[in-house]
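Peer 1: Residues per chain are reported as follows:
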Amino acid sequence: EADIYQTPRYLVIGTGKKITLECSQTMGHDKMYWYQQDPGMELHLIHYSYGVNSTEKGDLSSESTVSRIRTEHFPLTLESARPSHTSQYLCASSPGDTQYFGPGTRLTVL
Amino acid sequence: GESVGLHLPTLSVQEGDNSIINCAYSNSASDYFIWYKQESGKGPQFIIDIRSNMDKRQGQRVTVLLNKTVKHLSLQIAATQPGDSAVYFCAEKTSYDKVIFGPGTSLSVIP
Chain X
1 EADIYQTPRY LVIGTGKKIT LECSQTMGHD KMYWYQQDPG MELHLIHYSY GVNSTEKGDL
61 SSESTVSRIR TEHFPLTLES ARPSHTSQYL CASSPGDTQY FGPGTRLTVL
Chain L
111 GESVGLHLPT LSVQEGDNSI INCAYSNSAS DYFIWYKQES GKGPQFIIDI RSNMDKRQGQ
171 RVTVLLNKTV KHLSLQIAAT QPGDSAVYFC AEKTSYDKVI FGPGTSLSVI P
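For the protein sequence lines, the chains are X and L, in the order given.
Letter 6 of the first sequence, counting from 1, is numbered 6 in our numbering, and no numbers are missing.
Just add 110 to the spot in the second sequence (first one is 1) and you have our numbering.
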């Protein structure tokens with residue numbers, strides 16, 4: 001069982017607010033990922049990191065930003081939330097090839 | 111372009127029957143494949159994986175088959191149970207160390 005945590009699990013906010021979605025893992029994995037997923041649909045990679053101070057954009061264009069100051073922590077920030085950002089955000093970490101996912105944050109922007 | 115896709119978006123099976131979920135991939139250079147199970151409101155959970163130098167791998171009640179000739183991957187679940195109801199994703203790792211997820215198949219188990 002992978003130890004990867006995401007907070008909050010659910011978030012409802014108004015348009016224009018700045019939000020940070022937290023992701024932490026206690027396994028010492030170098031690789032971490034953020035995915036966006038609409039209900040019942042495929043996962044879209046929006047950011048990834050291969051280690052401290054390493055961040056890259058994924059396949060899906062996103063207005064979010066990430067940081068990787070510590071191995072165990074990979075927060076995702078939206079400077080100004082919009083209704084189009086409503087989705088589920090999944091964080092994952094990996095020691096190599098297999099990714100282990102957190103429970104997700106369901107974000108609703110009104 | 112690279113893509114991983116599932117043949118069927120939904121699958122309904124009777125409890126106790128075997129389930130087969132299929133996946134097609136397009137990148138012949140992919141060397142690692144994973145099946146994930148995602149229950150409602152949760153993140154994907156690793157089920158089983160297989161490397162490209164293998165054709166078959168078995169776990170507890172699950173078997174993954176890889177046919178590199180036709181670029182096809184399948185997940186077989188034996189004696190399907192209500193707890194198996196979920197969305198199943200296949201994923202491939204390409205030669206560029208990139209993991210691509212398919213669109214998902216929703217499995218419903220009929221009691």
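Just so you know, not all the hints are guaranteed correct.
As the list claims (entries may be wrong) - Calculated cross-link-like contacts (lysine-lysine; reagent style BS3-like; alpha-carbon spacing at most 27 Å):
(1) L:Lys166 x X:Lys17
(2) L:Lys152 x X:Lys18
(3) X:Lys18 x L:Lys181
(4) L:Lys166 x L:Lys181
(5) X:Lys57 x L:Lys166
(6) X:Lys57 x X:Lys31
(7) X:Lys18 x L:Lys166
(8) X:Lys31 x L:Lys208
Just so you know, these hints were derived from the structure itself, not from any lab.
Peer 1: Look at each hint and say if it fits the structure.
Peer 2: Results of checking the hints against the structure:
no. : hint                : verdict
1   : L:Lys166 x X:Lys17  : violated, 49 Å
2   : L:Lys152 x X:Lys18  : holds, 25 Å
3   : X:Lys18 x L:Lys181  : violated, 44 Å
4   : L:Lys166 x L:Lys181 : holds, 14 Å
5   : X:Lys57 x L:Lys166  : violated, 34 Å
6   : X:Lys57 x X:Lys31   : holds, 14 Å
7   : X:Lys18 x L:Lys166  : violated, 48 Å
8   : X:Lys31 x L:Lys208  : holds, 12 Å
Against the hints set out earlier in the document, violations occur for numbers 1, 3, 5 and 7.
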